[in-house]
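Asker: One line per chain: the protein sequences are V and G, in this order. FYI, the numbering for the first sequence is 351 to 563, going by our numbering. FYI, the numbering for the second sequence is 351 to 563, going by our numbering.
Because the hints were derived from the structure by calculation, they are not lab data. Computed from a prediction, not measured in an experiment: that's the story for all the values here. It is possible that part of the hints are untrue.
Claimed, not checked - Footprint (simulated), chain V over chain G, 3 or more residues, beta carbon under 8 Å:
id, segment
1, 372-384
2, 426-438
3, 441-451
4, 483-494
5, 523-535
To be verified - Simulated coverage check for chain V against chain G, where a stretch passes if three residues somewhere in it have a Cβ under 8 Å from a Cβ of chain G:
id, segment
6, 409-423
7, 435-448
8, 464-478
9, 520-527
Virtual Cβ for every residue (Gly too), placed ideally from N, Cα, C.
Number of protein chains: 2
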Amino acid sequence: MKLYNWPMAPNPRRATIFVAEKGIDIEIVNAGDPENPSRLSPDFCHRFPHRRVPVLELDDGDWIAEAPAICRYLETLYPDNSLMGRDAREAAQIEMWDRVAEWEGLMAVSEYFRNTHKAFAGRGVAGYANEVPQIPELAERGQFRLGLFFSKLDTQLDDREFIVGDRFSFADITAYCAIAFGTSRRLAVADDCPNVTRWYEAVDARPGVSAAA
Amino acid sequence: MKLYNWPMAPNPRRATIFVAEKGIDIEIVNAGDPENPSRLSPDFCHRFPHRRVPVLELDDGDWIAEAPAICRYLETLYPDNSLMGRDAREAAQIEMWDRVAEWEGLMAVSEYFRNTHKAFAGRGVAGYANEVPQIPELAERGQFRLGLFFSKLDTQLDDREFIVGDRFSFADITAYCAIAFGTSRRLAVADDCPNVTRWYEAVDARPGVSAAA
Chain V
351 MKLYNWPMAP
361 NPRRATIFVA
371 EKGIDIEIVN
381 AGDPENPSRL
391 SPDFCHRFPH
401 RRVPVLELDD
411 GDWIAEAPAI
421 CRYLETLYPD
431 NSLMGRDARE
441 AAQIEMWDRV
451 AEWEGLMAVS
461 EYFRNTHKAF
471 AGRGVAGYAN
481 EVPQIPELAE
491 RGQFRLGLFF
501 SKLDTQLDDR
511 EFIVGDRFSF
521 ADITAYCAIA
531 FGTSRRLAVA
541 DDCPNVTRWY
551 EAVDARPGVS
561 AAA
Chain G
351 MKLYNWPMAP
361 NPRRATIFVA
371 EKGIDIEIVN
381 AGDPENPSRL
391 SPDFCHRFPH
401 RRVPVLELDD
411 GDWIAEAPAI
421 CRYLETLYPD
431 NSLMGRDARE
441 AAQIEMWDRV
451 AEWEGLMAVS
461 EYFRNTHKAF
471 AGRGVAGYAN
481 EVPQIPELAE
491 RGQFRLGLFF
501 SKLDTQLDDR
511 EFIVGDRFSF
521 ADITAYCAIA
531 FGTSRRLAVA
541 DDCPNVTRWY
551 EAVDARPGVS
561 AAA
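With the hints as extra help, turn the sequences into a complete structure.
Answerer: Quick look at the structure:
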């Protein structure tokens with residue numbers, strides 16, 4: 351198997367952290383264009399018309415896209431050190447919070463980034479060619495939504511070490527990738543969210559997380 | 351258990367169709383405000399600060415939000431008549447296509463709907479109070495993206511009865527809910543997508559789908 355990554359992008363990082371935390375030995379390939387760091391390579395886009403990373407290419411040439419689908423597939427193949435839930439209810443809580451982190455956190459950061467960064471003019475949404483104009487109001491909306499996400503996460507982490515229960519999970523990975531990407535774009539954690547700051551520093555210090563930086 | 355629905359909204363319909371197709375006997379509760387059909391009831395929003403439907407309330411009062419998390423939980427409890435995959439690879443293909451249907455189909459329709467309908471002024475994204483202004487460019491972008499989704503789906507259905515392999519699955523449910531909601535908002539399937547039209551009519555005629563109308 352090969353896992354296609356695009357260093358710095360938050361979505362493939364969900365998969366590379368997942369793999370590192372579980373200790374899965376897998377070849378990781380850079381899907382970026384060496385001649386243009388803000389684009390996926392033409393070869394990748396040709397082979398995988400999904401046009402988004404991560405992609406997991408299987409040994410028979412079939413492939414799976416979308417970070418949660420890839421990670422769940424790997425979780426089934428490598429059940430040790432579960433990151434997606436040990437029973438139905440824990441799995442449901444993790445998936446719910448993963449989606450909150452994605453829709454309210456990662457998507458908010460992406461709305462800000464994709465609609466402000468000059469190199470992404472015409473590419474306001476991932477997975478499309480140069481067809482989607484930037485919308486400045488969406489950058490503003492993303493910043494606003496990210497603030498609400500910080501508050502919601504701060505409340506959730508008030509009496510918990512991790513987002514779901516007392517174990518690190520895929521929900522923590524997605525929230526971390528959203529916030530780490532935001533921080534790199536000057537969207538820092540709000541000062542009035544000490545639980546998020548405490549949790550973020552703890553996640554950031556994990557060997558599996560820094561291994562997938 | 352109780353499943354909170356909001357008739358007409360596409361996301362909870364993913365869960366009500368799932369439940370009807372699997373033949374799960376579960377109480378379905380209307381979360382809408384009887385005095386204001388375009389809003390969730392104040393009681394629902396107070397009890398479930400997630401502010402989105404569907405929500406599955408468990409017998410001990412705990413709850414799960416987000417359609418895919420609810421459906422996967424029910425799939426584990428009621429494994430007969432699998433709609434989310436009989437093995438790891440089928441499950442991954444279904445989850446990937448479910449996400450394509452959600453991000454490229456359902457989200458596109460919602461962008462159009464939420465940013466044009468007068469009753470949703472100030473509520474451009476589901477799950478927030480009256481804080482998110484409508485963005486007209488986003489309605490336009492949604493229509494554009496929906497057209498690309500129709501084409502992608504038409505290609506996928508060219509040699510398949512259903513979206514993944516030869517079985518009806520959760521991916522079909524999500525794509526159907528997106529398109530049915532679009533159709534109700536005058537966003538009909540494009541004329542040059544005969545495979546989508548054939549598939550849509552077949553899904554629409556299923557007893558489980560009409561039971562959850």
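Asker: Does each hint fit the structure? Answer for all of them.
Answerer: Hints and how they fare:
{"no.": "1", "hint": "372-384", "result": "violated (count 0)"}
{"no.": "2", "hint": "426-438", "result": "holds (count 3)"}
{"no.": "3", "hint": "441-451", "result": "holds (count 7)"}
{"no.": "4", "hint": "483-494", "result": "holds (count 6)"}
{"no.": "5", "hint": "523-535", "result": "violated (count 0)"}
{"no.": "6", "hint": "409-423", "result": "holds (count 9)"}
{"no.": "7", "hint": "435-448", "result": "holds (count 7)"}
{"no.": "8", "hint": "464-478", "result": "holds (count 4)"}
{"no.": "9", "hint": "520-527", "result": "violated (count 0)"}
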